[in-house]
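Single-letter residue listing:
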Amino acid sequence: MTPENALPKEHYLNHGYGWKSWLLTTDHKRIAWLYLVSITLMFFLGGFAAFLIRLQLLTPQGEILRNDTYNKMFTMHGVVMIFFFLIPSIPATLGNFLVPLMVGAKDLAFPKINLISWYIFIIGALYVLWIILSGGLETGWTFYTPYSTSYSTSNVTAATLGVFVLGFSSILTGLNFIVTIHKMRAPGMTWFRMPLLLWALYATSLIQILATPVLAITMVLVAVERFAGVGIFDPALGGDPILYQHMFWFYSHPAVYIMILPGMGVISEVISCFARKRVFGYKFVAVSSLMIAVFGFLVWGHHMYVSGMSPYAGMTFSLISYLVAVPSAVKTFNWTATLYKGSVSYDTPMLYVLGFLGLFMVGGLTGLFLASMGLDQHLHDTYFVIAHFHFIMVGGAVMAYFAGIHFWWPKMTGRMYPEAWGRLSAMILFIGFILTFFPQFILGYMGMPRRYSVYVPEFQTLNVLSTAGSTILAVGYVMPLVYMLWSLKYGEIAPANPWRAKGLEWEATGPIPAWDNFPVTPTVTEDAYNYPQRPVAEIERERAAGRAEGRMPELASGD
Amino acid sequence: MSAHAHNPAVLHHFADAEQQKESATLGMWLFLATEVLLFAGLFLVYTLFRWKVPYVWVKESYLLGITLGGINTAVLICSSLTMALGVHAAQEGKKKALIGWLLATMLLGATFLGVKAIEYHEHWEHHKVPGLNFTYTVPYDNAHPYKVPEQQVFHFLYFCMTGIHGLHMVAGLSILTVIAIMAYRDKFSTTYYTPVEMAGLYWHFVDIVWVFLFPLLYLTGNHYTGGH
Amino acid sequence: MSSAHHVVPLRIYFTIFFLLIVLTGFTVFISKFDFGVMNLPVALSIAIVKATLIMLFFMHVKYSSRLTQLFVLSGFFFMGILFFFTFCDYLTRAWN
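Residue numbers (the working numbering), protein chains in the order written: chain A, 1 to 559; chain B, 1 to 228; chain C, 1 to 96.
With the rest of the complex left out, here is chain A (with noise of 0.2 Å):
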C-alpha cells in the first residue's frame, strides 16, 4: 500500500531487548505493558473465581465447593477483581501509556517511582495471592470487623497489610499523573484543551491519593488488632464495628470512582472519535470529573444504613447519593448527544462503548435504588447490589477498558487486531452480560441474599440463566485475550492514525511511538476533538465507495 506498511526502524517496543530493558526500565509505555501483563493474569484469575461460584450457585444445594471454600472462592474473586484490576486496570495500563503522550511530554513527572509502583503492586500482589493460595481468606473483600478482628481463622492478618502495601502502588500512580498533568503539558495545551481522558484520570488520581491513606491505616489497624487483641473494632472488647465501616468505606466509596471515572474518560475519546465530532459539552464533562470526585467522597454512608449508623445521616448521606448521579447524568446525556446527528461507525471499541452506555445507564439507575434509604433496607445485601454493582464495574468499566484497548491497541503495538473477531467478542461480551447479570436483579428482588453458598430451589431457574450467561461472557473474555496475542505477530501493520482521530498520541508520535515519545516538543493550537464538520452524507459516501475499493473502511473516512 504505502511506505506506512512497515514499522519504523527505531521504536518504544525494539529500543532494547532482554529482561533488563524491560524489568528495569523507567519508560512509561513499557511500564504500561508491565502493568497490562501482570493485570491481565490477575482478571483471569479472578474470573476463575467467579466462574466457580456461579458454577457453584447452579444447583440449590451446590455441589462443587464446600461452604468455606466458597467463601474463599468470593473474598478471593472480590480481592482481586477490586484490588489488583480494577483500580489498576485503566489508570496504570491505558493511562501511564497515554498521559505523557497526551500532554505532549517526553515521560511522566517521575519515571523511577512510576517503576516503584509497579513493583509495589507486584510484591503485595504475589503476597496476597500467596496467601489466598495457601490459606485462603473468607471475609469478604471489605473485611467486615469483628469477624476479620475476632473470628476469622484465616490469614486476616497478612491479607491487610498485603492490601496497605499495595495501596501505596495506586497513591504514588496518582501523584505522578497529577504532577505530569499540572507541570508537563506541552505548549498551548491550556486545561481546557486536554483530552476528557486526562481529565478523568486527573480526578481519579485526587481519589488515589486523598482516599488509599484511610484504607492503607484502617488495615493495618485491623492487622495490629488481630495481633495485640485489643478491641478498636471488636464491640466486645470495647471497640466499635461501625468505626471500621466509616473507615472503610471512606476509601471504598471513591474507589468505585477510582474504577469507573478512567472508564468513562475514555468513553469520551472513544465516543467523539467514531462519530466524527467534538464531545458535546466538553467543559460540563471535563467539570463533572471533578465533581464526582469530590461529590464521592460524601456519600459513602449509603453501603452502611443498615448498620446501626444514626437515621439522620443515613439521610444525609442518601441526598448526597441522589446528588453524585447528577454529573454522571451530564456525561452520560452529552455522550448520547455527541451521537447526535454524528457520523458513526461502528467498529470494535465503538461497539464496547455502545454497550457500555446501556449498562451504565442500567447500573447508574439501580444505584438510585439502593441510596434511598427506605428501598436499600429490602435490598441490602442481595443479588440486587451484586448485580447493580456488576453493570457499573463489569459493564461499565471493563467494557470501557476493552474499548480502549481495542482502540488504542495499533499505537501500543504498531498492529491492528483482527477487526472482525473484535466485532463478534464485542457483541458476545453484551449477550452473556446481560444474562449472567440481569437475572441477579431480579434475584436480588426477590430475597436471595449474596455470599451464601446455598439458596432455595424457587430461584434455581434465574441462577441457571445466570450461570449460562457466565460461560457465554468467559468465552467473551477468552477471544480477545487469543486474537489479541496473534496479533501482536500476525496483525496487519497499523498505519500512524487508524481512526483518523484527533489528539497528539495519533497526530504526532508516528505509527508506533519512539523511546522518548516526541522527536520535537509538540506545540497544541487547536481544541481537542476539532474534527471538520461535515455532512454526515458527505462522509457516508466516501466511505461507500472506500469499501467499493477494498479499503478498511475506517480509512476511508476521507476528513
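Please keep in mind that the hints were generated in silico from the structure rather than gathered at the bench. Glycine included, C-beta positions come from ideal geometry on N, C-alpha and C. Among the hints, erroneous ones may be present.
Over the 12 Å line for every Cβ pair with chain A, so calculated as not near, a few chain B residues [stated by the list, open to error]:
#1 Pro-8
#2 Ala-9
#3 Thr-67
#4 Ile-71
#5 Glu-92
#6 Leu-107
#7 Ile-118
#8 Glu-125
#9 Val-138
#10 Val-153
#11 Phe-212
Heads up, simulated BS3-like pairs for lysine-lysine below, C-alpha to C-alpha not over 30 Å straight-line [stated by the list, open to error]:
#12 Lys-147(B) with Lys-32(C)
#13 Lys-96(B) with Lys-62(C)
#14 Lys-32(C) with Lys-116(B)
#15 Lys-62(C) with Lys-187(B)
#16 Lys-112(A) with Lys-187(B)
#17 Lys-52(B) with Lys-147(B)
#18 Lys-94(B) with Lys-32(C)
#19 Lys-62(C) with Lys-95(B)
#20 Lys-341(A) with Lys-283(A)
#21 Lys-52(B) with Lys-32(C)
#22 Lys-20(A) with Lys-112(A)
#23 Lys-341(A) with Lys-277(A)
#24 Lys-20(A) with Lys-187(B)
Distance windows between CB atoms, simulated [to be verified]:
#25 Trp-130(A) with Ile-81(C): 31 to 37 Å
#26 Trp-130(A) with Gln-69(C): 39 to 45 Å
#27 Glu-18(B) with Lys-9(A): 30 to 36 Å
#28 Gly-374(A) with His-12(B): 56 to 62 Å
#29 Lys-9(A) with Leu-67(C): 40 to 46 Å
#30 Gly-374(A) with Phe-33(C): 45 to 51 Å
#31 Phe-18(C) with Leu-173(B): 23 to 29 Å
#32 Leu-173(B) with Asn-14(A): 56 to 62 Å
#33 Trp-130(A) with Leu-19(C): 49 to 55 Å
#34 Phe-33(C) with Ser-372(A): 45 to 51 Å
#35 Thr-15(C) with Val-287(A): 40 to 46 Å
#36 Lys-112(A) with Thr-67(B): 54 to 60 Å
Here the structure of chain A is known, so what remains is to put chains B and C in place on it, guided by the hints.
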C-alpha cells in the same frame, strides 16, 4: 536541548530546571497530603474514643506523664529549626554549614528516638503495653468499679500513633543521611538543592504530626488530680 | 517564579522558633486547667497555630505558588470531610 547541556541535574524528560523543581515540590506536597490522610484515620479513632469515654482518656493520659514527652517536643522543634537553617545554607551554597545543620538535625532526631525508647521501656515496666504486657486498673474509679476495656484502647492508640510517627522519624533520618552524603559529594549548588528542600518538607511534616500528638496524648490528662 | 527561589531571612526562622517554644510552654501551662468539653478545642487551637507557623515559614508555604497552597489545604479539607460525616453519624444517634 541547550538547557540540558548546561545543567546535568536536569533529567532528560524535563524541559528545564524550573519545571523539574516545581514538579518535585508539587509531588512532595501531594505525598504529604496522603500522609495527612494516613494520620487522619488514627486521629479519627482517637477523637471518637475520647468522645465516648473521656474519663478513660484523661486518666490514662495522666499515667503517661508529661516530662519525657515535653522534652521530646522541644527536641523536635529544635530539629525543625536546624533543618530550616540547613535548607537556608543550601540556598546560599554554604556546603559546610549545610552538612553541619543536617548533622545537628539528625542528632536531635536520634535524641528524640532515644527518649522515645526510654518511654517505651517505662510503659513496659508499668505494664501498659497492650497485647503483650498490660494490666488493667480495677476498680477503675468510683463511677466504674470494673474493668474498662477502653483503657487498653488508649494505650493501643498511643503505641500506634507514636509508633507510626517513630517509623517516619526513622525514615527521615535515613533520608537525611543520604542528603548529607550527597552534600558532602558536592551534588548541590545554589541553583540545584531540591533534594535538600524536599527532605526538609518531610522532616517538618513529621514535626507537625508530633505537634498534634503531644497535646492529644500527653496533655489530655494534665489537669487530672486523682479522684474522679 | 521568584517564589521558588525565595530565601527567607534568618531572623524569621529564629522568631518562629521562639514562638513555637513559647506556644509549647503555653499549651502545657493551660492544660493544667480543666475547661471540660473545651479541653480538646483549646489544645487543638494551639496545635493548629503551631502547625500553621511551621508550614507557612519553615516549609515556605507562604512563599509558594497558589497551586501548592491549594494542595496543602486539600489534605486537611478531606480530613475534615472524614471527621464531619463520621460525627454526623455518632452525634445524631437518638439512643445515646
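Structure-based check of all given hints:
1. Pro-8: holds, 17 Å
2. Ala-9: For Ala-9(B), whose nearest Cβ neighbour in chain A is about 15 Å away, the distance exceeds 12 Å, so it holds.
3. Thr-67: holds, 26 Å
4. Ile-71: About 27 Å separates Ile-71(B) from the closest Cβ of chain A, which puts it past 12 Å; holds.
5. Glu-92: Non-interface label on Glu-92(B) holds, nearest chain A Cβ at 26 Å vs cutoff 12 Å.
6. Leu-107: Consistent with the label, Leu-107(B) stays out of reach of chain A, its closest Cβ about 30 Å off (over 12 Å).
7. Ile-118: holds, 22 Å
8. Glu-125: Label holds. Min Cβ-Cβ 18 Å, cutoff 12 Å.
9. Val-138: holds, 14 Å
10. Val-153: Non-interface label on Val-153(B) violated, nearest chain A Cβ at 6 Å vs cutoff 12 Å.
11. Phe-212: holds, 15 Å
12. Lys-147(B) with Lys-32(C): Holds, because 27 Å separates the two Cα atoms, which is no more than 30 Å.
13. Lys-96(B) with Lys-62(C): Answer holds: Lys-96(B) to Lys-62(C) is near 28 Å, not above 30 Å.
14. Lys-32(C) with Lys-116(B): holds, 23 Å
15. Lys-62(C) with Lys-187(B): holds, 28 Å
16. Lys-112(A) with Lys-187(B): holds, 19 Å
17. Lys-52(B) with Lys-147(B): holds, 16 Å
18. Lys-94(B) with Lys-32(C): The hint is violated at about 44 Å.
19. Lys-62(C) with Lys-95(B): holds, 26 Å
20. Lys-341(A) with Lys-283(A): holds, 20 Å
21. Lys-52(B) with Lys-32(C): holds, 22 Å
22. Lys-20(A) with Lys-112(A): holds, 14 Å
23. Lys-341(A) with Lys-277(A): Within the cut-off at roughly 9 Å; holds.
24. Lys-20(A) with Lys-187(B): holds, 28 Å
25. Trp-130(A) with Ile-81(C): 31 to 37 Å: holds, 36 Å
26. Trp-130(A) with Gln-69(C): 39 to 45 Å: Cβ of Trp-130(A) to Cβ of Gln-69(C): about 44 Å, so the range 39 to 45 Å holds.
27. Glu-18(B) with Lys-9(A): 30 to 36 Å: Holds: the Cβ-Cβ distance is about 35 Å, inside 30 to 36 Å.
28. Gly-374(A) with His-12(B): 56 to 62 Å: holds, 59 Å
29. Lys-9(A) with Leu-67(C): 40 to 46 Å: holds, 41 Å
30. Gly-374(A) with Phe-33(C): 45 to 51 Å: holds, 49 Å
31. Phe-18(C) with Leu-173(B): 23 to 29 Å: Given about 26 Å between the Cβ atoms, the range holds.
32. Leu-173(B) with Asn-14(A): 56 to 62 Å: This hint is violated: roughly 44 Å between Cβ atoms.
33. Trp-130(A) with Leu-19(C): 49 to 55 Å: holds, 52 Å
34. Phe-33(C) with Ser-372(A): 45 to 51 Å: holds, 49 Å
35. Thr-15(C) with Val-287(A): 40 to 46 Å: holds, 43 Å
36. Lys-112(A) with Thr-67(B): 54 to 60 Å: violated, 44 Å
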